[in-house]
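2 protein chains.
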Amino acid sequence: MPGCQEAVAQRLSRRGLFKGAAGAAALAAFSAAPVGGAFAAPVSFTRVVDLTHVLDPAFPTFFGKPQLEVRKLFTFDKDGFNLNEWVVNEHTGTHLDTPFHFSKDGPSADALAIENLVVPLVVIDVSAKAGGNPDYQVTAADIVAYEAVNGAVPPGAAVALYSGWEKHLGTDMFRNADAAGTMHFPGFHPDVSAVLAEKGVSGVVVDTLSLDHGASKDFGFHYKWLGSGRWGVEAAANLGTLPPKGATLVVGGPKIKGASGGPSRVLALV
Amino acid sequence: MPGCQEAVAQRLSRRGLFKGAAGAAALAAFSAAPVGGAFAAPVSFTRVVDLTHVLDPAFPTFFGKPQLEVRKLFTFDKDGFNLNEWVVNEHTGTHLDTPFHFSKDGPSADALAIENLVVPLVVIDVSAKAGGNPDYQVTAADIVAYEAVNGAVPPGAAVALYSGWEKHLGTDMFRNADAAGTMHFPGFHPDVSAVLAEKGVSGVVVDTLSLDHGASKDFGFHYKWLGSGRWGVEAAANLGTLPPKGATLVVGGPKIKGASGGPSRVLALV
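Same order as they appear, the protein sequences are chains A and B.
Quick note on the UniProt record's numbering: the first sequence kicks off at 1 and runs consecutively.
Quick note on the UniProt record's numbering: the second sequence kicks off at 1 and runs consecutively.
Hints listed in this document are in silico derivations from the structure and should not be mistaken for laboratory results.
Given the structure is predicted, the values throughout are model-derived calculations rather than measurements.
Each hint should be verified, as a subset may be incorrect.
As the list makes no split between identical chains, a pair holds if one copy fits it or if it spans any two.
Simulated pairs of lysine-lysine, DSSO-like, Cα-Cα distance not exceeding 27 Å [unchecked claim]: (1) Lys104 / Lys129; (2) Lys65 / Lys78; (3) Lys217 / Lys104; (4) Lys217 / Lys167.
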């Protein structure tokens, strides 16, 4: 389908939503949309990749303690059907960080427009650097290097950091806490927030437990990025299976009123 | 993009996943897929429609009592960031019903293959009938009437029942319980389960609180449909804005181990 291939390239401009959008102008798109938005050119895909980890009470957490309890309220053997309730921290498993997480009154999960959660996906591979330096922080130079090979990051896109950290899941290396309790895993440098915002990027995705690197003492990227009205996804799966450009991210975030984020179903349409 | 229009039509055959799939044979596709599946022909869309209601503790429930509590664990003013935990019943708001909900050992939310949650969407409008009869049950005749106008329900599709019940949200009419507590809203007749299964349908979607009609005393459709390894979505929004065919449903269900279902982000790509 050559026509669709071209459409994939064309939609990267997202003219309908993001014409001229850059920096703060892009924020206008973050108002709540009750139904949804239109793309200027067709988006096309032939496969779906699940970027979501299975979540159970043992899934590692930023705070280091379990953040999910599954309580059986009804069971098939006793009641004829199965039904549980969850006690769950909003920032558990593969999950959404909303602007409200690190701002006084930014949009919460119910207020993010759906057209900002279905967006072109850019994947920046820093796994080689992060493999040699667990404290690695993505900088503006990494964005420049990406664009030199792949072309400009399209306005409205999500930018995913593929650090390769997923391979440590199930071991202490995923949190990689030292004797003092400081964690060591890669993340976004706070200074790159303004660089991505200037390009009109909607959100960022990491395969670790935090948008900031584990050793951050001040949540510098969180405050700048989420505080500017943008979103993040943490603990994504399977980023290493994706092309550097051309996929469409679907962030199936919770639509719970006032939520600062929450476990999400995150997909890539490729 | 005429090529993409054709692709939309072609993908309805879903040859890659569902060639010859009918009845029980389609169940083979319900095994867990860790990464994702491929479509035989490109799927194309130009807009996204959010089929998810905003969920708050006042959202109506099947059991009639609140099923969501949002507990503030950290607040921006006091702690520098906002973070809540939820106590939430799996069957609250716009949510997924898995086979495990009404079977002893069917697939739970973490075990549904992602390619069965991104599928062609058929919308059957029975709002006129349901408007005059709150106890209306969709029958095989409604499927026949749909296909006479729109062509065959494609294998692998989701079939949505648009009853128009959404307009009652925010009033007692949404549950429409009588003096004895019996609810009165439309749903799928139990006999239609076999009809849809024979066509290889993956899941069903309703805009009410139950796959069965409200007055059901035996969860007849639930047992047959979910018990056969298929899924449902309840309390969907905005079905009335969709075309009868041509859209793609994305069920952003929770990937929580052992979940019988859960609040989900449900979208249509049109």
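Structure-based check of each hint:
1. Lys104 / Lys129: neither (35 Å within a copy, 48 Å between copies)
2. Lys65 / Lys78: between (32 Å within a copy, 22 Å between copies)
3. Lys217 / Lys104: within (20 Å within a copy, 48 Å between copies)
4. Lys217 / Lys167: Answer is within: at 25 Å inside a copy they meet the 27 Å cutoff, but 49 Å across does not.
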